[in-house]
Amino acid sequence: ELKVEQNPLFLSMQEGKNYTIYCNYSTTSDRLYWYRQDPGKSLESLFVLLSNGAVKQEGRLMASLDTKARLSTLHITAAVHDLSATYFCAVDMSSGAGSYQLTFGKGTKLSVIP
Amino acid sequence: NAGVMQNPRHLVRRRGQEARLRCSPMKGHSHVYWYRQLPEEGLKFMVYLQKENIIDESGMPKERFSAEFPKEGPSILRIQQVVRGDSAAYFCASSRDQGNTGELFFGEGSRLTVL
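Quick note, the sequences are listed as chains X and D, same order.
According to the working numbering, the first sequence is numbered sequentially starting from 1.
According to the working numbering, the second sequence is numbered sequentially starting from 1.
One or more hints might be untrue.
[Claimed, not checked] Sample of chain X residues at the chain D side, in silico, Cβ under 8 Å:
hint	residue
1	Lys17
2	Tyr19
3	Thr20
4	Leu46
5	Ala54
6	Gln57
7	Tyr100
8	Lys106
9	Gly107
It should be emphasised that the hints constitute simulated quantities derived from the structure, not laboratory data.
Heads up, the beta-carbon is just placed ideally off N, CA and C, and yes, glycines get one too.
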């Protein structure tokens, strides 16, 4: 059974600081996703990482994937309050070309404080 | 441009009652997926449907749970004889093709509380 572990599960950080969220998974997969969820809202797709060494950046967030180490990171640069949310990584377990059977980590609840 | 629409957003049921959750996919999407999120947990895959077909129900509990996606109308997740452990947020997602490299669009979820 695929296990996806995120750490930390809770993160309180000051505005302007940098931090990294880690996502480890237990089975070979070349497809990993990062989502953001605000309270009571749906999941918003942030990054799709499809190959070893993939790195993607959007604003203050940067995600990377190391399939050999079965590790993905989400790096936050100079955090701002608007980034407060829960961040999930998800690994694709589907066979074939498409992705639908995602296994999610428990999420990292990020609070950015002034 | 409506996204994935789920209703009801909140549903309260007593033990033994039935819960019906509805999901209308995004326009042009013919693939629907249901996920369940228990408190403080990540989402867990339940079932994948196309119109009138269940493609993969490997994540569905064997009893009391069923799902359909009829030719006309929304997809429905049905939970019979609910128990307290069914309390969770149920998310629907849709895609145009099968997954299509991460393009799963999620609804805002239906939060079921079983008293």
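>> Hint Tyr19 (chain X) vs chain D: min CB-CB distance below 8 Å?
In response: violated (20 Å)
>> Quick check on Leu46 (chain X) please, does its C-beta sit within 8 Å of some C-beta on chain D?
In response: Interface hint status for Leu46 (chain X): violated (10 Å vs cutoff 8 Å).
>> Quick check on Gln57 (chain X) please, does its C-beta sit within 8 Å of some C-beta on chain D?
In response: violated (16 Å)
>> Given Ala54 (chain X) as an interface hint, is its Cβ closer than 8 Å to any Cβ of chain D?
In response: Hint violated; Ala54 (chain X) Cβ to chain D Cβ min 12 Å, cut 8 Å.
> Can the hint on Thr20 (chain X) be confirmed by a CB-to-CB distance to chain D that is less than 8 Å?
Replying inline: At about 19 Å, which exceeds the 8 Å cut-off, the nearest Cβ of chain D leaves the hint on Thr20 (chain X) violated.
> Against chain D, is Lys106 (chain X) within 8 Å by beta-carbon distance?
Replying inline: Hint on Lys106 (chain X): holds, closest Cβ of chain D at ~5 Å, below 8 Å.
> Any CB of chain D closer than 8 Å to the CB of Gly107 (chain X)?
Replying inline: Where the cut-off is 8 Å and the nearest Cβ of chain D is about 6 Å from Gly107 (chain X), the hint holds.
> Regarding the hint that Lys17 (chain X) lies at the interface with chain D, is the smallest CB-CB distance below 8 Å?
Replying inline: violated (25 Å)
>> Does the closest beta carbon of chain D sit nearer than 8 Å to the beta carbon of Tyr100 (chain X)?
In response: Tyr100 (chain X) check passes; min Cβ-Cβ to chain D is 4 Å, inside 8 Å.
In the structure shown, a violation is registered for the earlier hints numbered 1, 2, 3, 4, 5, 6, in ascending order.
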